[in-house]
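4 protein chains.
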Amino acid sequence: MLSFANDYATGAHDKILQKLIETNRESLPGYGGDRYCESAREKIRAACQCSQAKIYFLSGGTQTNQVVIDALLADYEGVIAAKTGHISVHEAGAIEATGHKVLELPHREGKLAAEEIADYLAGFYGDVNHEHMVFPGMVYITHPTEYGTLYTKQELQDISQVCARYHIPLYLDGARLGYGLAVEGTDVTLPDLAAYCDAFYIGGTKVGALCGEAVVFPRKEPRHFMTLVKQHGALLAKGRLLGIQFDALFTDDLYLENGRNAIRMANMLRQAFANKGYSFYVETPANQIFIVLENGQMKRLGRQVLFDYWEKYDQDHTVVRFATSWDTDRWEVEELIALLG
Amino acid sequence: MLSFANDYATGAHDKILQKLIETNRESLPGYGGDRYCESAREKIRAACQCSQAKIYFLSGGTQTNQVVIDALLADYEGVIAAKTGHISVHEAGAIEATGHKVLELPHREGKLAAEEIADYLAGFYGDVNHEHMVFPGMVYITHPTEYGTLYTKQELQDISQVCARYHIPLYLDGARLGYGLAVEGTDVTLPDLAAYCDAFYIGGTKVGALCGEAVVFPRKEPRHFMTLVKQHGALLAKGRLLGIQFDALFTDDLYLENGRNAIRMANMLRQAFANKGYSFYVETPANQIFIVLENGQMKRLGRQVLFDYWEKYDQDHTVVRFATSWDTDRWEVEELIALLG
Amino acid sequence: MLSFANDYATGAHDKILQKLIETNRESLPGYGGDRYCESAREKIRAACQCSQAKIYFLSGGTQTNQVVIDALLADYEGVIAAKTGHISVHEAGAIEATGHKVLELPHREGKLAAEEIADYLAGFYGDVNHEHMVFPGMVYITHPTEYGTLYTKQELQDISQVCARYHIPLYLDGARLGYGLAVEGTDVTLPDLAAYCDAFYIGGTKVGALCGEAVVFPRKEPRHFMTLVKQHGALLAKGRLLGIQFDALFTDDLYLENGRNAIRMANMLRQAFANKGYSFYVETPANQIFIVLENGQMKRLGRQVLFDYWEKYDQDHTVVRFATSWDTDRWEVEELIALLG
Amino acid sequence: MLSFANDYATGAHDKILQKLIETNRESLPGYGGDRYCESAREKIRAACQCSQAKIYFLSGGTQTNQVVIDALLADYEGVIAAKTGHISVHEAGAIEATGHKVLELPHREGKLAAEEIADYLAGFYGDVNHEHMVFPGMVYITHPTEYGTLYTKQELQDISQVCARYHIPLYLDGARLGYGLAVEGTDVTLPDLAAYCDAFYIGGTKVGALCGEAVVFPRKEPRHFMTLVKQHGALLAKGRLLGIQFDALFTDDLYLENGRNAIRMANMLRQAFANKGYSFYVETPANQIFIVLENGQMKRLGRQVLFDYWEKYDQDHTVVRFATSWDTDRWEVEELIALLG
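Residue numbers (the numbering used here), protein chains in the order written: chain A, 1 to 341; chain B, 1 to 341; chain C, 1 to 341; chain D, 1 to 341.
Quick caveat, the hints were computed from the structure, so don't treat them as lab data.
Taking beta-carbon pairs under 7 angstroms as the criterion, some of the chain D residues facing chain B (in silico):
1) E96
2) H132
3) V134
Glycine included, every Cβ here is placed at the ideal spot set by N, Cα and C.
So that you can see chain A by itself, here it is in the shape it has in the complex (with noise of 0.2 angstroms):
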């Protein structure tokens, strides 16, 4: 069966799990402090350009945001999210669990504005009973959105700006961050990133890793981080699993490679979609695709290939997701397209 359900369906990219073998059997330290981990982190803030960034490897997209959002924050405060995000909705409560509150903020295609932001800040400050509220603690974006849209640069550097203003950390979701770089048309770097925002992760697990993310804190980092990853019960004691998989994802650019294969099987793919007329949910550039299908449609087209639920459109239609990753092949997407008759 053809799988466009998600990019985290197959293993690892062979570069991957060619580093782990060859490592395999060095004796190492454990808890990040290996020189593989040394060496991922010289890599990326390479990458970043960033040469005094703080890096930390975790396991997965919501252990890093729960770990991260709760270190950034003081009690009093909550974190600025769209309504749509990873964290306000599918995270099970990952961040109410460390007694925070997600401020959720209406959202245009996934992303959030930063005039909205300020709305929201200025709203806040001006209110005089706000010393009863939960404060406005920091702001978490995500790039790709959940609905697969990116950010511009401006619009990074704008609700930067607000974030500056009112002295609050921004902080970028990358779980799918390779895609969103890889676009093309899109003015978002990794030293974008590293400039805007006060902590970002780049991801691992849906960008051709076996798990994995990077967090990085560019310029100043909460005071034992390390502790609190380990209090969260995300210190892996083979710390060595997330280094060596970093350490090959930024070899030879490998990261952003994984990221064009993705785009350029999705390009296919929505080229495809439009010239047969099928209709978008949403115009998205990076390696998710929502279209609307009649559910007779949908459920033919299901016995064939896997796909996404994503919501019901209307009685008789529903949006559903196409997703290609580091791994598709381009005959995936030719056999796909045939399927679409």
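Based on these hints, arrange chains B, C and D on the given structure of chain A.
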């Protein structure tokens, strides 16, 4: 440099890597719903002779302790543990971070005694003010313990009976379980754990996996445990990474074989320490050997072999730990023995 | 200066103070075990026609919401509330601080509709990813609401039935319950609340007590609720302070009489606002009146009478709140009416 | 029945009730912003000779400990306390419920020794694994302690210096502070506490108030402490209730006078116990007297006087506590002495 510092210094057993390679390009469902996870569960159920057991895979020990303990306790309850228990000392407050007190009892070489637990429980319910105190809601033990010691089947049974009398679950932390089960002369088996514990975990990280622990609920599982796993940031998108590893570990007795290698190597080393008149800090049957070294001797030896600082013994002596593992080679032990002079 | 700012600006009803004085030198058991607490419980049970109700006294509204909601929810659950609910906005994150998400639904004049709740619950369980989301574990409503509106008996029954269908408790925040019950024409009584809610609290602080709210569990109480109260720092050593006050409030119908005074005064004031052509922001039957004032008018009036800023209406107008209370005198209302010009 | 069970068995001092009555109909701002709170703050600042102190009023001791400790600790920190400290034993896990471990040290008659704390801190930072452990983030002591003992000024200074050396705050729980300050021969005064502690609270509930504790931050207060108080459910709408009481307690030396009465009565009683050859469990100078009674004698005496069960001494003897209070009359002591036979 020779390394006897710990049992998680190298990567994974070859058979595990092999299986990861073989399955790498298979497109599989996420979050533990794949066929390798299911196969691993079946094999663990068989090994435990417990066909109804519910089994989950998590990434590491602290994470597993945190999620399981939080899931088993009511808000008004804490967990009884030895003062030296891993959750009491070396998890950076992971249990308290979820709102629960660790009720620390005295230990004997790392072990809790059934009688001590019974006395504590009787004392608690006999205290007229106990409603102002933290209710003892479960018992946590480790096997092998932090001191490398083992419970006997009788001791487990006794503790289990105390727990049953007070209707509180018994949870066993098996981070090094493979080594404990492989000790010659132990009468404790996996089916015994399934019989006496309400929850336990089979440690993978320290017994030959890249990462991963298998949580076993022999009879009853906490409600919506998967959601709790997610909420704690512990649910891997590529759950296959854990399932595949445990599938390999429970094929052809690999898990126990890994354990046995470490025990054979430890026994060789133990014999050598004894022959050469070294002083044992505590008698241990499994893969950890605790030796009291004169400080100068410790320094000299430390130049040629890695071992673990344990604790200060007196002004002139220090307790150190030598650990063998699934991956320790005979020549390494022989070289170390030669260095002991 | 006249004060219509809120309903907690003065001390306690004379009968309450009197009772505190009379009982002052009695030596009584602590923590709510005294005979006045017991007497108050009996009187509240009688008023609710619910002889099996479990009743606890806490100090304030946010505290009560926090303790009750945390006690009723499992770790994987959150609480459904109106976006404008007190717990959603004005409790500084007290619910999230205990690890639970507030699941915010749209409101109509502060009220939740049974249908809206039912749709949300159906949508949640219909979502294939719902195990990755926060389970809706209870419903929170306020009566009167933050907008001063009231549920009808039918509306409560409808919400109650939705909750029952999904086996989740309905909890009603009665911070201003005395005023709601005293409204002419309301068909909601204390026995109705005991019938339709799984938990509710009878607000004392805003209805004539120095402090104190009475939590009622008509059928089933959370296990070890007293210990949870203590754990949240909410158990008074001199529990008598609360018991004596509620004993007075539920003697000779004082609680309702307090409510009725506020309603009589509010009705007088409401009539005057209407006669003079003021614009009501929302129609409210209880002790809070929301008026849209032109900004200049607001400033002038504000020099002679205290009222509460509510929210900006437009560039030139503001919504303000006038509240009457158990303690509002007729002459105060008359003076205010004279000022309205 | 005579009552020496505790120091919170009766209501409030007459002067407090009188002040509540006098101010009852005044319309005042809520949440601690009223003029009585401000007046009480000023008087406490004067009594502490600390004009810059920040002062907050909370309702009870466990609540105060929970809010203050949570506010002072970072997420990765715990609080050092005596194994017998109130927060360690009798607060139902209130500290852990906010995510922080209580790091329990041995005590001597309820007291922590500066040297013991220093050793612990040196040991912690000397441990190479300390980043995997809970950081000691503050020190908690009680004065008088749970065993009724007192620190000397020198002892407080020594502990304070250890804390300063490690840059962690010293917090003193003064639930019974009024009794401690009133002991003849103590050299500890309120200005001393302001000098040596970073935070402490002046207990009202047990020293003549209906409820209420005054938290003093002599130098620096936690950021947005009021919001944290609210978030913990500890902010009273009618904050006046606490301000008025402390205003009375700190007028004409009432707080210390309340303390002195209890000490005079306790001294009378102590002398009588000594004269009659009773066995003291521990020497105590303040308002609590711990006596070892033969079990039969305990039963007989228990028929005529209330006292507190403390702990089992041996098979045939029990430790019990007799407490005097601000409200104990001379005739009560005389009757008790007569009963002692």
